[in-house]
Amino acid sequence: MNTFKNKDGKQILMAMVKGIQANKEYLGEVDGLIGDGDHGMNMNKGFTLFESRFADKEFSFTEGLEELGTILFAEIGGSMGPIYGTILNDAASAGEDEEDIDVKVLAEMLRSGLAGLQEIVQAQVGDKTLVDTLEPAVKSLEESAVLGEEFSLALNKMKEAATDGRDSTKDMVAKFGRSSRLGERSKGVLDAGATSCCIILTAMADAMIELLS
Amino acid sequence: MNTFKNKDGKQILMAMVKGIQANKEYLGEVDGLIGDGDHGMNMNKGFTLFESRFADKEFSFTEGLEELGTILFAEIGGSMGPIYGTILNDAASAGEDEEDIDVKVLAEMLRSGLAGLQEIVQAQVGDKTLVDTLEPAVKSLEESAVLGEEFSLALNKMKEAATDGRDSTKDMVAKFGRSSRLGERSKGVLDAGATSCCIILTAMADAMIELLS
Amino acid sequence: MPRIMNNPDDIVDEMLNGFLKAHADIVEATDNKRVVKAKNIPADKVGVVTGGGSGHKPAFIGYVGKNLCDAAAVGEICSSPTAAAFLDSFKAADQGQGVACLYGNYSGDNMNVKMAVKMAKKQGITVKTVVANDDVASAPKEQCEKRRGVAGEVLMWKVGGAKAAKGGNLDEVIAAAQKAIDNTRSVGIGLAPCTLPAVGHPNFEIKPGTMEVGIGHHGEPGIAVCKLENAAEMAKRMVDVVVPDYPFEAGDEVVALVSGLGATPVMELYVLYDEIECLLKEKGIHVYRPYVGNYFTSMEMMGATLTLMKLDDELKELIDTPANSMGLKQN
Amino acid sequence: MPRIMNNPDDIVDEMLNGFLKAHADIVEATDNKRVVKAKNIPADKVGVVTGGGSGHKPAFIGYVGKNLCDAAAVGEICSSPTAAAFLDSFKAADQGQGVACLYGNYSGDNMNVKMAVKMAKKQGITVKTVVANDDVASAPKEQCEKRRGVAGEVLMWKVGGAKAAKGGNLDEVIAAAQKAIDNTRSVGIGLAPCTLPAVGHPNFEIKPGTMEVGIGHHGEPGIAVCKLENAAEMAKRMVDVVVPDYPFEAGDEVVALVSGLGATPVMELYVLYDEIECLLKEKGIHVYRPYVGNYFTSMEMMGATLTLMKLDDELKELIDTPANSMGLKQN
Ligand SMILES: Nc1ncnc2c1ncn2[C@@H]1O[C@H](COP(=O)(O)OP(=O)(O)O)[C@@H](O)[C@H]1O
Ligand SMILES: Nc1ncnc2c1ncn2[C@@H]1O[C@H](COP(=O)(O)OP(=O)(O)O)[C@@H](O)[C@H]1O
Ligand SMILES: [Mg+2]
Ligand SMILES: [Mg+2]
Ligand SMILES: [Mg+2]
Ligand SMILES: [Mg+2]
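Residue numbers (full-length UniProt numbering), protein chains in the order written: chain A, 1 to 213; chain B, 1 to 213; chain C, 1 to 331; chain D, 1 to 331.
It is worth saying that the hints were derived from the structure and are not from the lab.
Only a predicted model underlies this, so the values are computations on that prediction, with no experimental measurement involved.
Please note that a few of the clues may not be correct.
[As the list claims (entries may be wrong)] Calculated lysine-lysine pairs in the DSS-like style (CA-CA distance at most 30 angstroms, straight line):
#1 C:K281 x A:K175
#2 D:K146 x B:K175
#3 C:K281 x C:K141
#4 C:K39 x D:K329
[What the hints assert, rightly or not] Where chain B lies over chain D, by a calculated footprint (3+ residues, C-beta under 8 angstroms):
#5 71-85
#6 198-211
#7 322-331
[Stated by the list, open to error] Far from chain D, some chain C residues (derived; all Cβ distances over 10 angstroms):
#8 E14
#9 N32
#10 A43
#11 M119
#12 D171
#13 H201
#14 G251
#15 L279
#16 T297
Heads up, the beta-carbon is just placed ideally off N, CA and C, and yes, glycines get one too.
For reference, chain A alone in the conformation it holds in the complex (with noise of 0.2 angstroms):
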């Protein structure tokens, strides 16, 4: 199948919450190193608010990220508040009115996702940000639609290029969040945002692939 129903998207939601939980630590680890280690605190008290709030509910797909993105924008504060809450609110907006999603859909969503979060914050790739992680996993996205490409070859295309994004922020110097204070100090690790960034996309297309099949 190269569609899923967006009504049959509530196991999409729960697989992301699992990805977040089951990394708390080792997020927290990685932003202890140049930020405050607080980043898998962060993102798993949302994530398990969320959980705990619907996983007794019935929702679509876009409206989990709808009210995940909300929950971490009005109860989790932090930059991780207003970041991933723009970008899954805005995902969800793009994609309300849909009953099937396919490889152009989900592009488009995470395409404005990702457009709204650059009204908020100025970090471009290269800044050692979630942006690294982000926005070539959005191309690819939107390469695979171009070339018509089976939805779960463009999500395990998609997840590679998230992962590449991820890893290319080793070698950067951070240029936005606290981290962006250590110059050059902040070199030779991952970036919190985009290592949680990448574990929330691979999370959500395992469970679209597995949707799929």
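Position chains B, C and D with the ligands against the provided structure of chain A, taking the given hints into account.
The following block gives chains B, C and D with the ligands in isolation, referenced to the frame of chain A:
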């Protein structure tokens, strides 16, 4: 010889100073076990102050005791200021008119110091304080005086009495001072004041023995 | 780190409960449990708001009170409050004369404040902002818009709060607070790290026998790691960072604020202040008003910050205005 | 322990230099460098004096000020001031109406105060004393004359200072201070030890994962070592020691003072106070006035003390009297 000249007593005082300085850390450790760990520091501060003010001056044994006592009393404070200050000042007063110091004079001096102390503290033998060192030491000197023993022999006996007295505090329960709040928990270790008193008396006796020979 | 806490996830809410009970004469709760407001805000004055992550006591809620901030938004430990909390703080502080939001330069706070200001505008509340960037060690002077806000924020709140209390309009309050922070420079020296309660181990390291010069309030590394120095040397190092940056000069009158980072005994802050005051005097810089104590901390970090603010007549008057909050009481 | 200091032997003198510079509006030096006095002591009032070892900031000099103590004698770290310092404090405080010396029950202080009182008498100054013994854990009730004075001393100074300020004569001041301490009970829980600067290593141990219930302000062990508990359990343990000893009963109005021991973040004190207030409320005990903060510390010890004082009309009035010192400012 069975006497030494009061006016030759500077080296006795300097030996007492060295005794405390050499045991600063040790006294701190002993006090740390059931007190607050500052006994070595407190004693060292007072004795070293005395050294720095009087190393270049001439003074007799009783003058030295008086000056050391006054420094402890007026500049150190804590418990040691009044306690050793009183012992030393009262001992000095009892001997200040003597040209020659013999067993009897020394016994009277230290008895006088102990009596002065007991005017300000209630501790008796058995209460795990420096009284447990000082009282048997004084008694030993008094006995030697009655028996007419050689001064050196008397001093060696006094050292033994002081050491036994110090060691006797090990199995006692503290009744006064900081460690008294420990009750049974104060058993098993020496009392800090009993230990410093033994160090002072031993250094004093050894210096006197040297002076006598 | 042995702590007095229950579930670390609840520490901020429980702290707020205790804070509100302990200081009921000065502050009160609002409908948003992450917003604390001053009691009896005088009518018709410009509202003054701040906010930031928790774990910095007395900052931020400890500066809500008379002639200081009217409301504060409360975040998780070391994490910006939500935009919603900032918005509700604006509402709690607004008396129809607009709101001055005086906060520190951290990316989370910047984003959340920006969004809250937008939302407030839609609801008819005018909010203007001043962003504290007093931490010299966090960026070179040419990029001072990147610098963090640290203990200098306390002086910004003092000045902005006093200006509002004296009847300044929104632009005047903003101008005074902006002048306060523009005239202010800080630097911190860290001696031991802190631990996020929910993480349980320090998230950075200061090797025994070393110190981190220019450390941030969350352990952000500074400009140099060097061997642990004595108080006189530390004082010189701090003065040598802060004084030339502004620069403070002979004849200047300043506020000098020495704040502990949390676990350093207050006794040691006085030792440090004694050295600093002597160095400033040597340079002909006169301390018009000293503040020494725990004014802006990072849980149980050890170390201290030095903050200097150059005074003019207006700033003197505003610094001298009485104030009453948990963190700052002045007659 | 990374410290901000120069030679540890000079830390008290250097701290005093910084303290006097930082609080020149409240205190001033005297001819005895180990005696600090309040500025502008009103004529014709009873003098109020305290004193004790250093390292307990704000105690003792932090409670010298308006409507509090008029002078304080300063000792070495954790060591009683000399008799001479107490005597000079009496002289600094005396306005011809006699002096109330309000201090804590430690053998060094007892000896030095006793001698100083004798010397003062020879010089024509009448001094009467109240010895604080509020620490429940330091001796059984039958031997309460052996108990240590801890944070309850702050309330004794507050009450005694206010009574003197209101024109009470020496016997009235002594009676009020004695009533204050008789109505007061405290207990401390220690989570981490402190280190004497000149010694350089902690002089006692609190094993990780454990806590010392009933710890003294110098690390004197208490009544039990138990596993580290959460805030709710610690609060219960403290309330269960303090409440039945006095005993405080339903309908009682109390002052509740929760003080940090030094390095515990103030945030955690609020968490603890929240729990304590709930437990007291359950018992029908009403907190008339809470104090939460670092009121009596032991350098960088971690942990907290709880102090309760039963109020009557006189004590309420005296507790409510404004005060101004470094450690306690109250309008
Ligand atoms: N201004 C910014 N622009 C883009 N991304 C940012 C910015 N600030 C922070 N980030 C992202 O947020 C991540 C850190 O998140 P987190 O640790 O949760 O927040 P905080 O930095 O407030 O502690 C960084 O690794 C980075 O990817
Ligand atoms: N009330 C007292 N009576 C007799 N000796 C005492 C008393 N208080 C303390 N001491 C002696 O003082 C010693 C402790 O001295 P030190 O550590 O210098 O003072 P502090 O206890 O004030 O820290 C104890 O070991 C004990 O011998
Ligand atoms: Mg972080
Ligand atoms: Mg001791
Ligand atoms: Mg953070
Ligand atoms: Mg001591």
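Tested hints:
1. C:K281 x A:K175: Violated - the C-alpha atoms of K175 (chain A) and K281 (chain C) are around 39 angstroms apart, more than 30 angstroms.
2. D:K146 x B:K175: This hinted pair holds, its Cα atoms lying about 10 angstroms apart.
3. C:K281 x C:K141: OK: K281 (chain C) and K141 (chain C) at ~25 angstroms, within 30 angstroms.
4. C:K39 x D:K329: Judged against 30 angstroms, a Cα distance of about 18 angstroms means the pair holds.
5. 71-85: That given contact holds, which follows from 11 residues of the region 71-85 of chain D lying within Cβ reach (below 8 angstroms) of chain B.
6. 198-211: holds (count 4)
7. 322-331: With 0 residues closer than 8 angstroms to chain B, the region 322-331 of chain D misses the three-residue bar; violated.
8. E14: violated (5 angstroms)
9. N32: holds (19 angstroms)
10. A43: holds (21 angstroms)
11. M119: holds (29 angstroms)
12. D171: holds (31 angstroms)
13. H201: Holds, since 12 angstroms exceeds 10 angstroms.
14. G251: holds (20 angstroms)
15. L279: holds (13 angstroms)
16. T297: violated (7 angstroms)
In this structure, the earlier hints numbered 1, 7, 8, 16 are contradicted, and the remaining ones agree with it.
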